[in-house]
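**Q** Line order of the protein sequences matches chains A and B. First residue of the first sequence: 23, per our numbering; consecutive thereafter. First residue of the second sequence: 17, per our numbering; consecutive thereafter.
Be careful, since some hints might not be right.
As the list claims (entries may be wrong) - Derived Cβ-Cβ restraints for the label pairs, each shown as a range:
1) A:289 with B:83: 51 to 59 Å
2) B:122 with A:46: 46 to 54 Å
3) A:384 with B:65: 51 to 59 Å
4) B:90 with A:76: 45 to 53 Å
5) B:26 with A:109: 26 to 34 Å
6) A:496 with B:77: 38 to 46 Å
7) A:284 with B:48: 41 to 49 Å
Unchecked claim - Derived pair list, reagent style DMTMM-like, types lysine to aspartate or glutamate, alpha-carbon separation capped at 25 Å:
8) B:48 with B:90
9) A:281 with B:55
10) A:281 with B:61
Hints are computed from structural coordinates only; laboratory data are not their basis. All residues carry an ideal CB built from backbone N, CA and C; glycine is no exception.
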Amino acid sequence: MAAGLVRREWSSVELTEAALKRIARLDRSLNCFITLDADKALADARRADQALAMDRATPLTGIPLAHKDIFCIEGWRTTCASRMLADFVAPYTATAVARLQEAGTVTLGKLNMDEFAMGSSTETSFFGHTANPWALDRTPGGSSGGSAACVAAGLTAAATGTDTGGSIRQPAAFCGVTGLKPTYGRVSRYGMIAFASSLDQAGVLAGSVEDAALVLACMAGLDPSDATSSEHRDPWLEAVPRAGVGTLADGPLTVGLAKEFFKAIVAGGERIDEVRRTLERLGFRCLDLSLPHIAAAMPAYYVIAGAEASTNLSRYDGVRFGHRCAAPQSLADLYERSRGEGFGAEVKRRILTGTYALSAGYFDAYYLRAQKIRRLIAQDFAEAFKQADLLLAPTAPGTAFRRGQLTDDPVAMYQQDACTIPVNLAGLPALSLPCGLADGLPVGAQLIANHFDEERLLKTGAALQQATDWHERRPNLGWAEAA
Amino acid sequence: MAAVEIKIDHLARLAAMQLREDERPGALRDLKRIIEMVDRMRAVDVEGVSPLAHPLDAAVRLRPDEVTETVDREHYQGCAPVAADGASAGAGGRAVRDGLYIVPRAVE
Numbered sequence: 023m024a025a026g027l028v029r030r031e032w033s034s035v036e037l038t039e040a041a042l043k044r045i046a047r048l049d050r051s052l053n054c055f056i057t058l059d060a061d062k063a064l065a066d067a068r069r070a071d072q073a074l075a076m077d078r079a080t081p082l083t084g085i086p087l088a089h090k091d092i093f094c095i096e097g098w099r100t101t102c103a104s105r106m107l108a109d110f111v112a113p114y115t116a117t118a119v120a121r122l123q124e125a126g127t128v129t130l131g132k133l134n135m136d137e138f139a140m141g142s143s144t145e146t147s148f149f150g151h152t153a154n155p156w157a158l159d160r161t162p163g164g165s166s167g168g169s170a171a172c173v174a175a176g177l178t179a180a181a182t183g184t185d186t187g188g189s190i191r192q193p194a195a196f197c198g199v200t201g202l203k204p205t206y207g208r209v210s211r212y213g214m215i216a217f218a219s220s221l222d223q224a225g226v227l228a229g230s231v232e233d234a235a236l237v238l239a240c241m242a243g244l245d246p247s248d249a250t251s252s253e254h255r256d257p258w259l260e261a262v263p264r265a266g267v268g269t270l271a272d273g274p275l276t277v278g279l280a281k282e283f284f285k286a287i288v289a290g291g292e293r294i295d296e297v298r299r300t301l302e303r304l305g306f307r308c309l310d311l312s313l314p315h316i317a318a319a320m321p322a323y324y325v326i327a328g329a330e331a332s333t334n335l336s337r338y339d340g341v342r343f344g345h346r347c348a349a350p351q352s353l354a355d356l357y358e359r360s361r362g363e364g365f366g367a368e369v370k371r372r373i374l375t376g377t378y379a380l381s382a383g384y385f386d387a388y389y390l391r392a393q394k395i396r397r398l399i400a401q402d403f404a405e406a407f408k409q410a411d412l413l414l415a416p417t418a419p420g421t422a423f424r425r426g427q428l429t430d431d432p433v434a435m436y437q438q439d440a441c442t443i444p445v446n447l448a449g450l451p452a453l454s455l456p457c458g459l460a461d462g463l464p465v466g467a468q469l470i471a472n473h474f475d476e477e478r479l480l481k482t483g484a485a486l487q488q489a490t491d492w493h494e495r496r497p498n499l500g501w502a503e504a505a
Numbered sequence: 017m018a019a020v021e022i023k024i025d026h027l028a029r030l031a032a033m034q035l036r037e038d039e040r041p042g043a044l045r046d047l048k049r050i051i052e053m054v055d056r057m058r059a060v061d062v063e064g065v066s067p068l069a070h071p072l073d074a075a076v077r078l079r080p081d082e083v084t085e086t087v088d089r090e091h092y093q094g095c096a097p098v099a100a101d102g103a104s105a106g107a108g109g110r111a112v113r114d115g116l117y118i119v120p121r122a123v124e
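Please take these sequences and the hints and turn them into a complete structure.
**A** In structure tokens:
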């Protein structure tokens, strides 16, 4: 796409118009977009075409993108898929998006997600569910389900997402696209609506590792506006826009397979075995190992994420922004009804879980214990990375489940993140790669690397994608003709 | 495992978040399931383990104590909630007046 722009085979305006046309045809059935703004997008595209004409382009100039509706963009409605923010127009722009805009990308619109990123199916959105383009009765996963479905249906080449417990990787797996969750701190969280601040990380969903790397290179880096963004410099990542991801140079790598991850599998296990065999064919050494405390990751995560969410979401009080109830009788009434009306059921569950864990008499038994387990899990990974350079695991226990299948059982829904949550607790980078189909639905393989080792993570992902065509499979969109 | 005892009304009050009558039974049932799942943590021996609050175990970076930006009050109050009743509304129907956010009287 970018090469065609530089060679003047097409203009950014043409690309943007084509994307808008495709969205108009497909998104009635998918519901990827919460907000779409053709006028703003075409204005971006005209600016990009001018930059291209004056040879002031970056590799991303003129490429239409869409952003998860968790990123504030000045002048754009930014809802976080909640009634609470249904009419909120952001007064500033998130750093990750600002960097993509400065690089000349076109913003088509804002993508659907689970409300406040809490969910694994994009069913908790106030703006209705998003459908999976592979099978409309299936969920696209979540919480970045709008982003995953958008890329899978070819509406954009890439889309931003965020990952607190698997919210980039699990939907990427369900929709058969590449999903990258960078190291915690790699990408600024400024302007990204907070869910659980010690776990949240922005990333990207794209059609390939090369495309994901290009977007990451643009988004990443120190931001004075986010005190937790890392000072880590990465010459390899900075060179990606010129040189691409590149190939591994430092001899055969060892890939560890932790048996605990494989216990969670209910479907698609044979596809992960195939990834292992492919890696071995490519010269990687595969090694079975153990992460003994992983079973405790899910309970610890729901305490930590709930506690951080209940704190972060206390800002929605009906006073300064967001939903305000009608005719409040007192200040307490204003808080309680504005929050009661503004938040959906899953957000309330998380807030109540966090409030319970932080309430008097329970702090040590829940929050403190969860943080100790977090240390044990981080240590498990540190031990594993003494034996292996990367880890291979399933991204999700199975393939995309049917809409409504898990909505009555929150704990069964939480199990969806069993293989992704440990990575967030330890702050590691991870990649979900399409690795073929099981019963006609995509399966995702997860590669996990040590802190700030996106280089070997993405080079290994790129090597797999050069050796296979799994990432090139796209859903049959026959339903669009039928609609 | 001991049965989980949850006072849902007390929690809702602590969270300053109203639960409607018809929401309460479901919220209580779900929260019980979640806390039972979370209680699996008790099986882990955490004796002598120090808690990990931040994934990179990093110290928070400080910056020089200098004014680097100023807040444009009008710009940021442009996204104040719309006062649904209209009675307390300032410009544009928003619950701000003279640079102040308007809330029900809290001190008599």
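**Q** Take the hints in turn and mark each one as holding or not.
**A** Verification of the hints:
1. At roughly 57 Å, the beta carbons of residue 289 (chain A) and residue 83 (chain B) sit within the given window of 51 to 59 Å.
2. The beta-carbon spacing between residue 122 (chain B) and residue 46 (chain A), approximately 49 Å, falls within the hinted interval of 46 to 54 Å.
3. In this structure the hint that residue 384 (chain A) and residue 65 (chain B) lie 51 to 59 Å apart at CB is violated, the actual value being about 19 Å.
4. Checked against the given bound of 45 to 53 Å, the beta carbons of residue 90 (chain B) and residue 76 (chain A), roughly 36 Å apart, lie outside it.
5. Look at residue 26 (chain B) against residue 109 (chain A): about 32 Å separates their beta carbons, and that is inside 26 to 34 Å.
6. The supplied range of 38 to 46 Å is met by residue 496 (chain A) and residue 77 (chain B), whose beta-carbon atoms lie about 43 Å from each other.
7. The hint said 41 to 49 Å for the Cβ distance between residue 284 (chain A) and residue 48 (chain B), and at roughly 31 Å that hint is violated.
8. Only pairs whose Cα atoms come within 25 Å are accepted, and residue 48 (chain B) paired with residue 90 (chain B) is rejected, the gap being roughly 45 Å.
9. Distance check on the hinted pair: residue 281 (chain A) and residue 55 (chain B) sit about 23 Å apart at the alpha-carbon level, within 25 Å; holds.
10. Note on residue 281 (chain A) and residue 61 (chain B): the hinted pairing holds, with a Cα-Cα distance of about 21 Å set against a maximum of 25 Å.
Hints 3, 4, 7 and 8 from the list above are not met by this structure, while the remaining hints are.
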